[in-house]
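Participant: Here are the chains, one letter per residue:
There are 4 protein chains.
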Amino acid sequence: MSSVYNDLKQECYEANMQLNALNLVVYTFGNVSAVDREHGVFAIKPSGVAYEVLKPDDIVIVDFNNQIIEGNMHPSSDTKTHAYLYKHWDTIGGIAHTHATYSVAWAQAQLDIPIFGTTHADHLTSDIPCAAPMHDSLIQGNYEHNTGVQILDCFKDRGLSHTEVEMILIGNHGPFAWGKNADKAVYNSKVLEVVAEMAYLTKQINPNAARLKDSLIKKHYERKHGANSYYGQ
Amino acid sequence: MSSVYNDLKQECYEANMQLNALNLVVYTFGNVSAVDREHGVFAIKPSGVAYEVLKPDDIVIVDFNNQIIEGNMHPSSDTKTHAYLYKHWDTIGGIAHTHATYSVAWAQAQLDIPIFGTTHADHLTSDIPCAAPMHDSLIQGNYEHNTGVQILDCFKDRGLSHTEVEMILIGNHGPFAWGKNADKAVYNSKVLEVVAEMAYLTKQINPNAARLKDSLIKKHYERKHGANSYYGQ
Amino acid sequence: MSSVYNDLKQECYEANMQLNALNLVVYTFGNVSAVDREHGVFAIKPSGVAYEVLKPDDIVIVDFNNQIIEGNMHPSSDTKTHAYLYKHWDTIGGIAHTHATYSVAWAQAQLDIPIFGTTHADHLTSDIPCAAPMHDSLIQGNYEHNTGVQILDCFKDRGLSHTEVEMILIGNHGPFAWGKNADKAVYNSKVLEVVAEMAYLTKQINPNAARLKDSLIKKHYERKHGANSYYGQ
Amino acid sequence: MSSVYNDLKQECYEANMQLNALNLVVYTFGNVSAVDREHGVFAIKPSGVAYEVLKPDDIVIVDFNNQIIEGNMHPSSDTKTHAYLYKHWDTIGGIAHTHATYSVAWAQAQLDIPIFGTTHADHLTSDIPCAAPMHDSLIQGNYEHNTGVQILDCFKDRGLSHTEVEMILIGNHGPFAWGKNADKAVYNSKVLEVVAEMAYLTKQINPNAARLKDSLIKKHYERKHGANSYYGQ
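Chains as they are written, first to last, in this note's numbering: chain U, 529 to 761; chain X, 529 to 761; chain L, 529 to 761; chain R, 529 to 761.
Identical chains blur together in the list; that is why a pair holds if it fits in one copy or across any two.
Straight-line Cα separation of at most 30 Å, DSSO-like style, residue types lysine-lysine; simulated pairs:
#1 K608 / K712
#2 K752 / K615
#3 K741 / K712
#4 K746 / K708
By construction, these hints were calculated from the structure, which means they are not laboratory data.
Can you build the whole structure from these sequences, using the hints too?
Facilitator: Here is the structure:
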């Protein structure tokens with residue numbers, strides 16, 4: 529089908545298929561979206577469609593007010609959360625939500641993931657935040673919209689920057705991650721899962737394991753992301 | 529071989545092969561059945577046959593009184609448990625039994641799996657029940673038939689509905705799961721295993737992790753299964 | 529190469545390759561042998577040869593006094609343990625030794641694996657024994673021969689039958705398993721690893737988990753191995 | 529491209545690809561180098577290049593003073609650590625650095641890996657050392673060079689030999705391993721990861737698990753590496 533959004537759908541489709549290849553989802557427990565800032569829309573996985581049968585044409589185009597712009601299927605049930613984040617964080621280009629095992633375990637434990645090592649500090653300088661479960665009135669209201677509110681509130685309360693910290697755990701639910709595009713959002717979902725597993729094992733081996741010291745946090749983050757970074761090509 | 533049950537055998541065969549593909553069994557430690565309500569029979573895996581050599585024609589057709597209707601092989605040693613469930617729960621179309629690792633671990637620990645998060649609440653609103661091991665007299669009697677009795681008794685004692693809670697752990701043994709067809713029974717076996725692993729990790733990270741609050745349980749279950757559900761197509 | 533032992537070598541080769549396919553070894557950390565009772569010899573993997581390059585012709589033929597009968601390579605460094613077991617247990621047809629992860633962990637913990645469930649009882653009725661590390665004088669002597677002595681002593685001390693209990697952990701080292709042929713020895717190695725993982729998780733979930741009760745042990749073992757067994761074809 | 533270093537680049541490329549095949553890295557979290565002692569240079573992975581797109585020609589040739597001799601890409605950000613080790617340890621031919629899960633967990637726990645069994649003793653006779661995190665002044669200085677200093681200091685302080693102990697954990701970071709060539713460095717990285725997982729599980733099963741006794745350490749190490757070794761061909 530010819531559409532101005534074919535490239536966007538393809539980007540979104542490929543990022544969703546990566547979730548599956550990276551063992552971050554089983555069945556339909558996850559979704560990725562990709563934004564088109566020029567047209568003010570994003571592409572997102574249809575709800576409840578298995579990865580084995582998903583096609584680029586199934587991807588749904590939605591605007592920031594949750595109106596379907598193009599597509600024959602219902603978009604992900606988490607669509608309003610994506611829309612809220614795109615609307616309020618204009619630097620992000622992709623969002624991924626999974627039920628990856630270790631990330632969910634920390635979310636269910638309702639604990640931030642402590643920064644224990646350089647694998648973590650290569651990507652962000654703070655603990656990975658776990659947002660407290662929302663109030664009952666918000667759950668009974670516009671739940672998925674309010675999940676977006678919950679994420680922004682958590683970042684505001686803690687003084688975190690969404691351009692540095694590109695991931696969060698929703699208490700009792702699971703992770704959301706984002707980035708400059710859909711690929712990067714999936715990458716951050718995988719990094720979060722790897723760091724979550726390492727932190728789990730660290731705590732099991734040494735319940736008193738110390739947080740990484742500030743000098744090492746700074747060094748590792750700066751060499752990858754600082755003004756004088758020297759990692760990569 | 530021409531038979532009125534060829535389609536039923538094929539459905540049963542494919543569901544059994546899925547158990548293997550989803551890493552829910554090693555060797556022959558598991559079995560799936562599929563029912564034909566019109567003829568009052570079900571198709572089930574033959575006992576002790578490796579998945580690598582299993583063929584659709586090996587599937588055995590049995591009625592609800594455990595009489596073999598068609599097939600040259602001995603049916604699964606757990607056949608009487610399947611027959612008892614089909615006989616008493618007339619809404620179910622498929623049953624799966626596995627020795628999947630995390631599900632068995634909870635069964636061996638003789639503990640219900642607490643509802644810690646939304647992955648769980650997306651599928652059922654209560655803890656996953658672990659039935660206490662049966663009395664010695666029942667074990668020495670018609671054991672596999674009595675396993676069916678044990679499952680129904682557990683649901684009755686706890687006031688659970690088998691149309692909402694489609695899975696159980698048999699203490700010291702392992703999981704049974706069911707659904708509207710054999711595919712759904714396998715799906716529920718996989719969901720149970722995923723939820724069992726997440727709950728295990730949650731307890732390791734935070735031994736005092738709280739049960740998911742009622743408002744979130746209700747929200748997640750209702751959006752997938754309620755009258756106004758909006759998940760899926 | 530034409531040899532009266534070609535079939536035996538092929539059986540041994542295929543069983544060794546299965547160890548690898550079943551994720552029971554990395555690199556060269558394991559070996560399987562197959563016996564020919566008529567000729568009083570056994571076939572065993574050559575020492576330190578990677579599974580990726582192993583060929584049936586590389587398999588070495590050894591007699592029960594550790595003399596090489598056929599083959600151009602050095603046999604496994606554990607050969608004397610195999611020879612000792614074949615010499616003293618004339619009902620066994622194959623032996624497998626691995627460094628599989630959960631089996632080794634219990635061996636390093638120097639603990640028997642408790643019988644927690646029916647997956648275990650489907651195969652044996654007692655805890656899986658962990659032999660205490662041998663005395664220093666025996667280690668400094670004919671070590672691999674003495675490992676065979678250690679295994680037989682452990683079974684004698686505990687009153688175990690090697691035809692029922694087809695597996696053991698050597699304290700601080702790892703598992704040996706055996707059976708009526710090499711395939712069955714590999715099967716028992718895999719069963720041991722699966723049961724070891726399940727028992728590990730059970731203890732983590734519930735440190736006070738109870739041993740399986742006798743009636744269930746008996747029921748599950750008898751339905752597979754008793755005079756009136758009804759499992760399998 | 530024709531170059532005197534083509535074989536060296538190929539060796540380095542293949543060793544890097546093995547890291548990936550052995551599940552020791554995700555994304556670009558690791559690097560392997562191979563030395564050419566005659567020319568006083570080593571080949572190393574370019575920084576931040578994904579394994580899926582890495583080509584032999586991308587490998588960078590660097591001398592022991594960190595000067596790029598050949599190649600169009602930036603070498604690994606850990607290059608100075610490799611250079612320092614090659615310069616001071618003239619018997620080693622390859623170095624590997626990974627963020628493998630269990631190795632990192634012990635590094636984050638800031639604990640040596642105790643020698644619990646023969647899998648460990650088959651490769652080295654001491655605990656696997658975990659170097660304490662370096663002083664802030666060294667972190668803020670020539671960090672990657674100082675990581676090399678840190679490794680040599682740790683070996684000197686503990687009286688370890690780098691020809692026997694071919695691996696180390698850097699506290700809060702992760703493992704480095706080396707060997708007579710790049711293949712052997714990767715092999716040692718995998719052995720370290722396997723031993724790290726087994727030691728983790730051992731401690732979980734039995735928090736009071738005892739260190740392997742000296743006689744068994746000596747026996748297993750000597751039969752593989754001693755003057756009268758009898759392992760392998």
